[in-house]
Amino acid sequence: MWLNFPVFASVAILLWMAATGLFLFSASKILNRLAAGLSVSGTVVLLVFVIMLWMAIDRPPMRTLGETRLWYAIFLSGIGLASYFRWKYKWLVCYSLTLAMMFLSVNLNHPETYDKTLMPALQSQWFVPHVIVYIFAYALLGASSLVAIRNIFVKSSGKTTSEPIHMADNLVYLGFSFLTLGLLFGALWAKEAWGHYWTWDPKETWAFITWMFYLIYIHYRFRNPLAHNKAMMILAVSFVILLVCWFGVNYLPSAQNSVHVYTE
Amino acid sequence: MLGFALQIASGGTSFRLAGFPWNLISGFVFLGFLLLLFWFLKKHAVIKWLGSVKAALPAIFGFTFLVLLMGFVKQDVQSKNMLVELLGLNHLVKTWPFILINLYLLVLLGLVTLKRLTPFNLKNFGFFLNHFGLFLVLLSTALGSSDVKTLNMDCYEDQTEWRGREANGTMVELPIAIKLLNFNIEEFRPKLTIIDNKTGKIVIENNREKFELLDRDAFDLFQYHLEVDTFYASSGRVEENYYPVNEPGSSPSARIKVTNLMDQSVSHGWVCSGSYAMQPEALKLNENHSLIMLPAEPKKFSSEVSIVTKDGKSQTALIEVNKPFRINGWTIYQLGYNTEMGRWSDLSVLQLVRDPWLPAVYTGIFLMMAGAIFLFIFGKPKSGGTEHVA
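In the order they appear, the protein sequences are chains X and F. Using numbering that gives the first Met the number 0, you'd call the opening residue of the first sequence number 0 and step up by one each time. Using numbering that gives the first Met the number 0, you'd call the opening residue of the second sequence number 0 and step up by one each time.
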């Protein structure tokens with residue numbers, strides 16, 4: 000069944016690439032619409048493939064890492080597009096399309112991950128929403144940190160504009176809403192799987208710390224709306240914390256027995 | 000600071016809130032206290048300050064600092080470090096600093112919610128969802144913690160059990176009796192790998208152990224090409240060969256043709272992962288390497304049980320990981336089994352959990368979810384936030 004995956008994936012990637020290019024370099028309304036159309040078709044191509052796969056293997060294709068990456072790609076492009084239609088944020092749709100293409104390329108290069116075993120604790124209907132919402136939050140917050148870091152280092156002419164900080168704010172608000180949902184989905188899932196919604200497992204602790212740091216950013220922005228630079232610093236540090244939560248937890252001595260540590 | 004001082008003074012005694020009904024009463028007292036405080040001293044500078052973002056920032060910061068400590072210091076184990084033991088850093092959630100900052104946050108969240116509710120304004124709806132939701136989650140989690148009961152129950156096939164084991168090992172009689180009718184395990188196909196004959200360890204390539212799941216007829220593993228002649232999910236050994244049988248202690252086995260791609264030499268033979276009753280069998284490929292089969296990993300395990308409660312309910316249920324069963328306020332989880340016996344285990348460990356405060360916690364969680372969706376749709380207040388600075 001995976002045999003025709005390269006064809007589907009390549010078509011989707013080509014469509015998305017064309018769409019991203021058009022979004023980045025076009026000014027006219029018609030070209031923007033064409034770009035949106037192209038990215039929608041890319042997502043549809045992938046969706047068709049997943050539905051075919053679903054019917055062929057007779058179970059939801061959400062069990063393996065490779066399969067979940069397919070869903071990331073679909074959701075990322077879908078949410079990016081939805082945000083584009085809603086707010087006309089071109090950068091957001093470009094960013095999410097790029098990330099979706101990255102996930103698909105990983106799948107093209109690592110076909111051996113398609114049939115890995117999955118422990119029973121992860122076999123839950125919460126698995127996919129929990130992970131996808133989180134990854135999307137990470138993507139948005141990553142973008143906000145890019146804005147922040149760029150702003151910290153490229154203070155070229157010394158004139159302060161409010162444009163970058165508003166962009167960062169928007170990204171953080173979107174990202175934070177997803178981060179909150181991911182955290183709460185995780186709590187609800189934990190109750191179903193392990194009997195308690197919060198056990199201060201190291202991954203939970205770090206996810207909570209990450210959440211708190213973005214909470215600090217949001218409140219700091221209310222407290223000191225004009226202190227752009229410090230806010231940007233907080234945002235940059237928050238992303239470091241986020242990365243610790245994402246990968247770093249695996250290497251912390253405090254996390255040796257965590258159920259969340261990725262073993263592959 | 001005060002918290003750490005108290006922690007040292009109290010000699011590190013861990014703090015535990017009284018159970019029902021005292022926690023419920025103290026909850027109401029706390030709520031009443033907040034309401035009175037707000038009602039009568041709304042205009043007082045201190046109360047105004049407490050309800051402002053100026054107070055919120057240091058509070059969030061302090062809480063974050065404590066949780067950060069928790070992120071670095073391993074929790075719930077004895078520590079050799081005197082300072083860690085003295086300050087209770089290895090069981091932080093039960094220490095005074097943590098409890099005090101929680102209480103302080105609750106006061107802030109409570110006051111700020113009240114402040115935004117009066118006068119009522121629909122614009123503040125998102126704010127209310129987020130802050131009151133978090134308030135409810137923190138409050139009900141803190142108050143309810145002493146009412147949570149978690150018990151493990153060892154159920155053997157065809158036996159009725161009504162005693163549960165607490166975390167500290169005490170046995171407790173429960174108002175629920177469970178008879179294990181059947182314990183089932185579905186397994187994945189076993190994995191194959193290559194070991195070093197001298198060390199007995201799995202050969203590592205690029206810093207990674209390499210496995211192949213036995214779900215195809217032919218595949219490559221390191222410098223070997225493997226072709227599967229025969230695979231039995233459940234088999235027994237008779238002399239030199241394996242035959243399909245399905246009785247306690249039988250094990251998966253496979254007859255495999257291995258071609259060394261380096262020198263085209265061919266080995267042919269059986270591998271078997273073994274079980275509590277059977278020896279594993281490896282296939283020696285050459286002086287350095289042998290092919291082995293790893294024990295199959297569980298795909299799914301579940302218990303068919305019949306449950307009888309003290310008030311006379313009788314029911315059968317299928318309990319699975321991620322699919323608990325609820326009865327009379329108890330939730331029954333599939334926890335484990337005798338891993339040594341694997342799929343022939345006649346023991347199923349169930350976990351019974353009772354958390355009467357869960358509806359309050361869930362209400363808070365759903366409010367916060369609604370708040371998150373609110374944030375997603377409406378984003379940051381347009382004015383850049385100045386209107387929020389109290």
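Just so you know, these hints were derived from the structure itself, not from any lab. The reader is advised that the hints may include incorrect statements.
Calculated pairs, DSBU-like style, for lysine-lysine (alpha carbon to alpha carbon, straight line, at most 30 Å) [to be verified]: (1) K229/X - K298/F; (2) K283/F - K200/F; (3) K322/F - K229/X; (4) K28/X - K87/X; (5) K178/F - K148/F; (6) K298/F - K89/X; (7) K229/X - K53/F; (8) K87/X - K298/F; (9) K229/X - K47/F; (10) K28/X - K283/F; (11) K298/F - K209/F; (12) K148/F - K53/F; (13) K87/X - K53/F; (14) K379/F - K229/X; (15) K299/F - K322/F; (16) K114/F - K47/F; (17) K89/X - K283/F.
We went through each hint and held it up to the structure:
1. For the given pair, K229/X sits about 50 Å from K298/F by alpha-carbon distance, which is inconsistent with the 30 Å threshold.
2. Distance restraint check for K283/F and K200/F: the Cα-Cα separation of roughly 14 Å lies within the 30 Å cut-off, and the hinted pair is therefore satisfied.
3. Restraint check for K322/F and K229/X: not satisfied, since their Cα atoms lie roughly 47 Å apart, outside the 30 Å limit.
4. As the CA atoms of K28/X and K87/X are separated by approximately 11 Å, the hinted pair is consistent with the 30 Å bound.
5. The hinted pair formed by K178/F and K148/F meets the criterion: a straight-line CA distance of about 21 Å does not exceed 30 Å.
6. The suggested pairing of K298/F with K89/X is violated, with an alpha-carbon distance near 43 Å, which exceeds 30 Å.
7. For a cut-off of 30 Å, the pair hint linking K229/X to K53/F stands: about 16 Å separates their Cα positions.
8. At most 30 Å may separate the alpha-carbon atoms for a hinted pair to count; K87/X and K298/F exceed this at roughly 45 Å.
9. Annotation: proposed proximity of K229/X to K47/F holds, straight-line Cα distance about 26 Å (limit 30 Å).
10. Distance hint between K28/X and K283/F is unfulfilled; the C-alpha atoms sit about 69 Å from each other, more than 30 Å.
11. A C-alpha spacing of about 20 Å is found between K298/F and K209/F, which places the hinted pair at or below 30 Å, so the restraint holds.
12. With a C-alpha separation of about 39 Å, the suggested pair K148/F and K53/F falls outside the 30 Å cut-off, and the hint is violated.
13. At most 30 Å may separate the alpha-carbon atoms for a hinted pair to count; K87/X and K53/F exceed this at roughly 35 Å.
14. For the suggested pair K379/F and K229/X, the alpha carbons sit about 19 Å apart, so the restraint of at most 30 Å is met.
15. For the hint pairing K299/F with K322/F, the CA-to-CA distance comes to about 11 Å; that is within 30 Å, so the pair holds.
16. Under the criterion of a C-alpha separation no larger than 30 Å, the hint pairing K114/F with K47/F is consistent with the structure, at around 9 Å.
17. About 60 Å separates the Cα atoms of K89/X and K283/F, which puts this hinted pair outside 30 Å; it is violated.
Hint check: violations occur at hints 1, 3, 6, 8, 10, 12, 13 and 17; the rest are consistent with the structure.
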